[in-house]
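Chemist: Protein chains in written order, with the numbering used here: chain H, 81 to 370; chain W, 81 to 370; chain B, 262 to 835; chain V, 262 to 835.
The reader is advised that the hints may include incorrect statements.
Said to hold, decoys possible - No farther apart than 27 Å at their CA atoms in a straight line, the calculated lysine-lysine pairs in the DSSO-like style are these:
no., chain 1, residue 1, chain 2, residue 2
1, B, K500, W, K213
2, H, K363, B, K761
3, W, K352, V, K420
4, V, K420, W, K363
The set of hints was computed from the structure by calculation and includes no laboratory data.
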Amino acid sequence: MTTATVPLKAKDYRSEVKVVWCPGCGDYGVLNSVQKAFAELQLPINNTVAVSGIGCSSRLPYFLKTYGFHSLHGRSLPVGAGIKLGNPDLEVVVFGGDGDGFSIGGGHVPHVVRKNTDLTYVVMDNHIYGLTKGQVSPTSSPGFVATTTPYGAPDTTSVNPLAYVLTFGGTFVAQCFSGNPKQTAEIVKQAIQHKGFSYVNIISPCLTFNKIDTFDFYKDSVAELPEDHDNGDLVQALDKALNPPAGKTYTGIFYKASKPTLIENLRAMNKKVGADKNYDLNKIIDAHRP
Amino acid sequence: MTTATVPLKAKDYRSEVKVVWCPGCGDYGVLNSVQKAFAELQLPINNTVAVSGIGCSSRLPYFLKTYGFHSLHGRSLPVGAGIKLGNPDLEVVVFGGDGDGFSIGGGHVPHVVRKNTDLTYVVMDNHIYGLTKGQVSPTSSPGFVATTTPYGAPDTTSVNPLAYVLTFGGTFVAQCFSGNPKQTAEIVKQAIQHKGFSYVNIISPCLTFNKIDTFDFYKDSVAELPEDHDNGDLVQALDKALNPPAGKTYTGIFYKASKPTLIENLRAMNKKVGADKNYDLNKIIDAHRP
Amino acid sequence: MSDLIIRIGGEGGEGIISSGDMVAQAAARSGLNILTFKTFPAEIRGGYAMYQIRFSTDEIKSEGSGFDVMCAFNQEALDKNRSALKPGTVLVYDYPGGDIKEEVNIDGVTCYNLPMSQIAKKELEMYRAKNMVALGALSELFDISSESVRDTIHSKFGKKGEKVVGINLNAIEAGAKYVRENHKKTDPFKMGKAERADKDVIIISGNNAAGLGALIAGCRFLSCYPITPATEVAIFMSKYLPKLDGTLVQAEDEIASIANVIGAAFAGQKAMTSTSGPGLSLMQEFLGYASMAEIPCVVVDVQRGGPSTGLPTKHEQSDLFMAAHGGHGDAPRIVLSPENVPDVIDIMVQAFNLAEKYQVPVLVLTDGSLGNRTESIQAPDPNSYEIIDRKRYAPNGDGPYKRYELNESGISAMSHPGDADGAYIATGLEHFETSAPGYTPELHVSMSDKRFRKLENIEDELPPIEVQGDGEADLGLISWGSTLGTVRESVDMAIAAGMKVKALHPKLVWPVPVKAITEFASGCKKILVPEINKQGQLAEIIRSKTDLHLIQYNVYGGLPITPDELFEKIKEVI
Amino acid sequence: MSDLIIRIGGEGGEGIISSGDMVAQAAARSGLNILTFKTFPAEIRGGYAMYQIRFSTDEIKSEGSGFDVMCAFNQEALDKNRSALKPGTVLVYDYPGGDIKEEVNIDGVTCYNLPMSQIAKKELEMYRAKNMVALGALSELFDISSESVRDTIHSKFGKKGEKVVGINLNAIEAGAKYVRENHKKTDPFKMGKAERADKDVIIISGNNAAGLGALIAGCRFLSCYPITPATEVAIFMSKYLPKLDGTLVQAEDEIASIANVIGAAFAGQKAMTSTSGPGLSLMQEFLGYASMAEIPCVVVDVQRGGPSTGLPTKHEQSDLFMAAHGGHGDAPRIVLSPENVPDVIDIMVQAFNLAEKYQVPVLVLTDGSLGNRTESIQAPDPNSYEIIDRKRYAPNGDGPYKRYELNESGISAMSHPGDADGAYIATGLEHFETSAPGYTPELHVSMSDKRFRKLENIEDELPPIEVQGDGEADLGLISWGSTLGTVRESVDMAIAAGMKVKALHPKLVWPVPVKAITEFASGCKKILVPEINKQGQLAEIIRSKTDLHLIQYNVYGGLPITPDELFEKIKEVI
Ligand SMILES: Cc1ncc(C[n+]2csc(CCOP(=O)(O)OP(=O)(O)O)c2C)c(N)n1
Ligand SMILES: Cc1ncc(C[n+]2csc(CCOP(=O)(O)OP(=O)(O)O)c2C)c(N)n1
Ligand code: SF4
Ligand code: SF4
Ligand SMILES: [Mg+2]
Ligand SMILES: [Mg+2]
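If we strip away everything but chain H, and leave its shape as in the complex, we get (with noise of 0.2 Å):
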């Protein structure tokens, strides 16, 4: 039985699976700042449940000891959604890659975000599509060359990860780079300790495969927010997001609000209508003779 009477270290949020991310790989610094974060926070491992899509990114809730759904590619948040509503008293943290979370799962971001859904949602941001071995993701810049795009892709905007989140009303959106453990760590345990929907973009180096968006490149151009930027100002955060100083990539948190969560909503709901989980289905039976 796993009973928390000893503090849980990091390490003890490891499984015992082997990680398959190639030597070198980002990813490796945000599983070591989630273990970090989550001992922190000493979650209960019998009570969170990581859960993730397709990628390389995604295989990340294998190497925890919680609960995890490795669902499908581009799926973690409604599964992440459902399991929440599922089970209120779980913490749900999320997991994936940027063309899992922003391609594929485009779709599902704005609801998932403007119901402040309580969930963590965390994206390893490689500008490509690690797993797939190889091709332009919607944050790749534009022009990227790639596997299926030897002449550079059409594209003329990338997608801005922040910017997506803040637009339909996110209540977290922070950024950080997995070359810097300790502020990740700091990042992932603030975004699960907020109340409703949180979001990290985590920059994640795929040494593979991307050539361009290197670790050497971001660790010269990762800065943190201007002390001055008021992260309680939507209108900042989005410019703060989508023009930041030319050559440089913010990191830390954008954008801080409070606001009722789905599951707030959900139970006062309930509650309204005089919720009973032995309601008399006879009730509902004799609502219906004629």
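Based on the hints, put chains W, B and V with the ligands in the right spot on chain H.
Modeler: Relative to the frame of chain H, chains W, B and V with the ligands by itself:
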């Protein structure tokens, strides 16, 4: 033969198919404005394709004399993109509803937008699912009461279609009110003239199922964007879209920019590699000799 | 008289549906059985809508063949039904002053004019009351207890206050009065009151029955996306789930719906979604996931006319191929098919029970006609059902939890997040017993076998399949879903005509109940499979598993087969 | 010696694939036929990867059974293949100084050690050159023309400059030298040079062949979403489509891909998408649309292990049910199934031709093994194919254009936007001939009949189906896709052993070619259907349309059946 020697009038764009909308539906105004815009631009009937998804609003193509493609629920944009890419000489205008576009179809929007796909997209936004007889849509106000939400929808934030398109790099983003056909025709016309992706959100009330967002409500609340609005400034546009004055709904062109379009990018790429319709396939075969 | 069919036709939005509902309610109140049949226009407003009510003192098996009485609200309704106005039938039609411009005379048809529009407009000054005028006239003409009609008005409009009740009662009376003063009844149709064998009756639609069955089974989670003709299931659930402290989600699309459902089921809920063909097509990838990860869930598919957007408001049984074979790879599923409204309730309970027991997705295929129709049925007793819950994991100190343990039954114990020491990863990848991914040939073979082994004896699980007639038969009928009602009735006709006919009613349509079908077939010289689709989908899946020769009878005009049509077919092939 | 199989195994990323490719290229250069077989790990990095090359002076029909020579790059490769190291086989293994820590001795197996890691690291100071060391040793040991190997190095690395070429030549020589100095050849395997009958040879993979066939057919539009093992089709097309002024789109998901394709096809293009099982599941709704709106399009499904995410890098033939029956409603489709790499080219041309002629979606089912494998094949002549284009509408003054004209063939003329007076609305709703929506029973019946009538004689369209053996047979085999290669080879073995066996090779798998199959079956005492799936999908769809008794042989371990295994099965059931 339809030879456009005499100028086409608005009514010349109308087919014989009986319009099936409820008397008083806002979509009639949209249809009229569209015909008017087509006539002002003298769009050749044989070279124009009206594409749609599924919904009351998505019936519009049947009522036009042009080519049409009544596709599947939520899929009008990728179909429209396919048509335009299949024959870039065509004028492709995509029509649909708020549910079609931003619920089931919402995953396509970011990509069609960010690629600056050479389409015009006209959404008849009635804040409800009309065709399925009244369910909450992503643009319905929080707490909206409808058939499947008898105690109010538990959504905290609605989708803001203008912000949706702006965030992903939309190069023409406008809003109008079907109750103002002159303005609507003018904006649709400019949208079609725009190079690249253009988006027009038309407030088009559903009198049958939406008793909140009514014609009368909008008649009083619509207001032109302030004179000093700079529609070249993205952050300003987002601000105006997300934060209109209480009780007001801005109409007009929120944002306009010039960026390379998808067709331009593809043409440039093909040109770069020396595209040749008569390229000898034997060259490909030769490349596979051992 | 023990059986009467009244059809009301007019323009969608004219109150056809609500007046039909009232007739049905009133008849049920006065002790009659009823079964209704509706067709909606695909147009948003306008278009031809039809509501047909069959009344009987006996059990009603199907919509019946044609009608005895037609009530035409407009010219279109008259035109559409003129060919069905056979000698002996009755026509009630809006004339003069309505949409119908000429008096109607049809040989052998009793025609009663009724200026319903005019009475509503002129006398009552409320055009909307037209349907109530018709209701009053119909109850007067065919002796539908006026007391029951008044009671129905009271119970339906009572909440809206005395005034509304009064207006409606006036309209009823105006219709009845017109008949009393202007017509002498010459037709034989008369309902009267009746003593039902089972007094404890409710009126409920197939779609609402699906919801009720789910609630009885313990379902407390539904996520769906609206689609005709399935939306009503969600509307029903949206009313009651919150009262039961359950959850209803209207998701952004069908993929999200089934994802929500599977997530909630993983978390421990009995969960379902409701949809129609286009939605089910979109769910195929996730249904394969549920098979692979062994997550119990239920999908109700209220079939409509296909393919593609097809005939959204019409009846068809053409999703069976997809239900059985829809996704990629080899994935076990269960497909059930209820025959009528009470059966929908039972089958829904069975669907959840089987999903839970075998940890597979279970699809329930109803259809537009069954979903929309109402029936007066014996009120079910929610506590009388056996309810099965999934086998749960209990740590036994035997080493780490094996979520996908290989054992004889193929059924492994399932933990829920929150359970101590039960952590595992639900996965769509091939996996070891622990749930960790693995891809060796041996593993894939043993896990595939496990997944299919679960369903090896599934056919024994379901209540014995009903058979009509006995002994050797010259013709046996096999059908599915709501077509069974038609089969029952036409088999009765055939037996009454001295033919040796019997019928098999599988409710489990996939996996094909091979034993029962083979045994049944061994007692039949020929076998006829009537179904509402082009390809003969049931016939083909049966053939794929047996050596039977089947005569297909594929009807695909967007309407159920009538007992008369099927009887003709029986005579033809026997 | 006329036939040799070399298998190279090691960790993914160690250059297994590229050294295998070089061996194959070199052998083909020296006049041999080759057919390769690869398995990739599902892991991103690491995991066991395997590349097997079969060489022959004769035609090669399949991957073969087992191998003659195993080259183990590490301990895992050795372990995985140890049981297959039968007496008479040869082992070449990395020792000493590599991952394998002990000298290997296996009874009856010739074991040559080769310190490939050590030579690469110490001698060449470049660990990455390990695979080239192995290549040199293999060519020396088995007489793969060293001249051809050097030529291959030049042509492969020439562009990267003299230095790179030099490094690789050195590595080759180092491997060869080690063998010359340390081993005396005791095994009998020797390839040498050969004179091919057909001199004009290319080496191409099944996936690239699909692209090439599409280009020959006139396809100038592909939209897809990456997925293993289908991505290579798009990679190939992405190189060439722009050169042909065509268009390749990587869409946001599979639904958008097929939407793009159908849109482009409507606009006049020959258009396609390529995917694997999970993607095809997502396309079901749109495939129904293409059936309904009668839009020609082609989908290549490179099948992989299912269900769900399944075994993404493994071989399986388990998407046939979905291909034939996947969507809701009754929707006609054509499913084709090529047997080997040259056939992929031909079938792709036929797929487009049939799509165009019948205005239906055509699905081509290849599989992981066929998609990934390369073969040396006779270079095709792009101009030798008959190319069919859709029947186009030409206004004839006969009144308005009827896009969905009801006629005998069921095929109506299609206009393209841009055509004068050809405007219509492509629609998924049931429709009149003009394309305006309509829902009457008569219309739905006549339009359903039209859609299916098109395919009534489809089986006559395809080139005669090949049959091996002749006269009455004790056993007939029916199979599909790349399993045919195995069937051909095992039937040869059976005939050589004096058995009366023949085989049928349908390339059209849906609609089932009932005439051909029935005729074939009438000459067989028993019929065996070997296929790589759990349910026996081909057998079941054949059974659903015929009265045949079929013996199923379902193999589902993620690998092709070998000719030896099938020969055993033949002996067992005959
Ligand atoms: C329906 C479906 N389509 C396609 C795939 C193939 N696929 C697997 S992962 C992936 C993209 C991975 O990219 P990303 O989400 O950015 O994750 P990464 O590997 O980069 O961490 C794709 C296209 C799939 N598994 N399922
Ligand atoms: C895959 C699929 N799911 C659901 C439906 C049912 N459906 C048709 S229209 C519609 C929503 C219509 O709302 P909207 O797009 O806002 O259009 P409106 O009718 O309001 O103009 C839905 C849910 C469908 N046709 N296809
Ligand atoms: S391919 Fe890229 S993203 Fe995937 S494990 Fe390797 S480095 Fe990481
Ligand atoms: S239901 Fe609403 S949106 Fe649809 S036609 Fe009627 S008024 Fe218009
Ligand atoms: Mg990525
Ligand atoms: Mg709407």
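Chemist: Holds or violated: V:K420 and W:K363, Cα atoms, limit 27 Å.
Modeler: holds (18 Å)
Chemist: Would the pair B:K500 and W:K213 pass a check requiring their Cα atoms to be no farther apart than 27 Å?
Modeler: Given pair B:K500, W:K213 holds - Cα atoms ~17 Å apart, limit 27 Å.
Chemist: Between the alpha carbons of H:K363 and B:K761, is the straight-line distance 27 Å or under?
Modeler: Judged against 27 Å, a Cα distance of about 46 Å means the pair is violated.
Chemist: Does W:K352 pair with V:K420 here, judged by a C-alpha cut-off of 27 Å?
Modeler: With Cα atoms ~21 Å apart, W:K352 and V:K420 stay inside 27 Å; holds.
Violated hint: 2 only; the structure is consistent with all others.
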